[in-house]
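Listed below are the residues making up each chain.
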Amino acid sequence: VEHWGYIVAAYALTGVSLLGYVWYLRQAERRMRCEQETRYGEQ
Amino acid sequence: MPTQARRVLRAGLGWSSLGLLLVGGFAALVLAPPDAVQGQVQRIMYVHVPAAWAGFLAFFVVFVGSVMYLARQTPAWDQLAAASAEIGVLFTAQAIVAGAIWGKPTWGTWWTWDPRLTTTAMLLLIYAGYLLLRSMASEARRGARQAAVLGIVGFVDIPFTYMSVLWWRTLHQGPSIVRSGGPTMATSMLLILLLNVLAFTVLYSYLLVRRLDVQRLDTQALAATRGG
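If you're matching them up, the sequences are chains A and B in order.
The first sequence begins at 1 in my numbering and counts up by one.
The second sequence begins at 1001 in my numbering and counts up by one.
Hints may contain errors.
To be verified - Facing chain B, according to a computed beta carbon distance under 10 Å, are these residues of chain A, among others: (1) HIS3; (2) VAL22; (3) LEU25; (4) ARG26; (5) ALA28; (6) ARG39; (7) TYR40.
Calculated directly from the structure, the hints in this document are not laboratory data.
Just so it is clear, the structure is predicted and the values come from calculations on it, not from any experiment.
For glycine and all other residues, C-beta sits at the position ideal for the given N, C-alpha and C.
Just chain A, same shape as in the assembly:
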C-alpha cells in the first residue's frame, strides 16, 4: 500500500493553510492602506 492519499492530504493542507495566511495578511494590509488613504483624504 503506497498511501498517496495521506501524502497528498498532508501537502495540500500545509499549502492551503499557508496560502490562507498570506491571503489574510494581504487583506489586512489592503484594508489598512485604504483606511490610511481615506484619513489623509479627509485631512
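Start from chain A and add chain B according to the hints.
Below, chain B alone, put in the same frame as chain A:
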C-alpha cells in the same frame, strides 16, 4: 528601514521562498527515494519536520523579543514577538496535522498521548494562549508585559519537546539528524530535507516581514486616531 528597501526585501523573500518551496516540494514528492521501511508515506517527513523547525524558530524569536521588551520597554520588540508568535502557531499546527496524517498509516492512529506529541500540543496551546492574552488585554502596555512573561515561560516547553524522544519511551522516532554518530538517513534524503528546512526558514522570514508591515500600519492608524 526605508520603504523602498523594505519593499525589495519583502519581494526578494517572497519570490525566494516560493522558488525554494516549489523546488523542495518537487524534490520531496518526485526525486526523494521511498523509505526502506515505511515506503512512500515517509515523504510527509519533508513537510512535517520543516514546519516543526519553523515553529521552534518562531517561538525562539518570541522568546528573544519578549526578553528584550521587558529589558528595554521598546514597542518594536513586543511587535516582533507578537508577529512571530502568530506565525509559530501556524507552523506548529501544520506540523501537528501533517504528523497526525503520517501517524495514521504508520502507527495505526491519528493521535496518541505520546510525550513528543503531548509536549508539542502544549506548545501550541501556550502560544495560542499568548495570542488570546494579547487580544483580550484591556490596556496595550499591560497586555504586552503579560504576553512577554508568557513568551519567556512558554519557551521552557521547547527543550522538553525536543528532548522528549530521548528522555521518555515514545512511539515517535528519535532524532535522525542531530545525534551522536551522525545522521541515520541516506544523504539524498537528508539533502532534500535540509532544502525544505531552508525553504520554510525563508518562508518564515517572509511571513514575519509581512506581519510586521501589517502591525506597523495598525500602529500608525492607532496613532492617527488618537492624534486626530
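Now the hints, each set against the structure:
no., hint, verdict
1, HIS3, "4 Å, holds"
2, VAL22, "7 Å, holds"
3, LEU25, "5 Å, holds"
4, ARG26, "8 Å, holds"
5, ALA28, "5 Å, holds"
6, ARG39, "6 Å, holds"
7, TYR40, "9 Å, holds"
Checked against the numbered hints listed earlier, the structure breaks none of them; every hint is satisfied.
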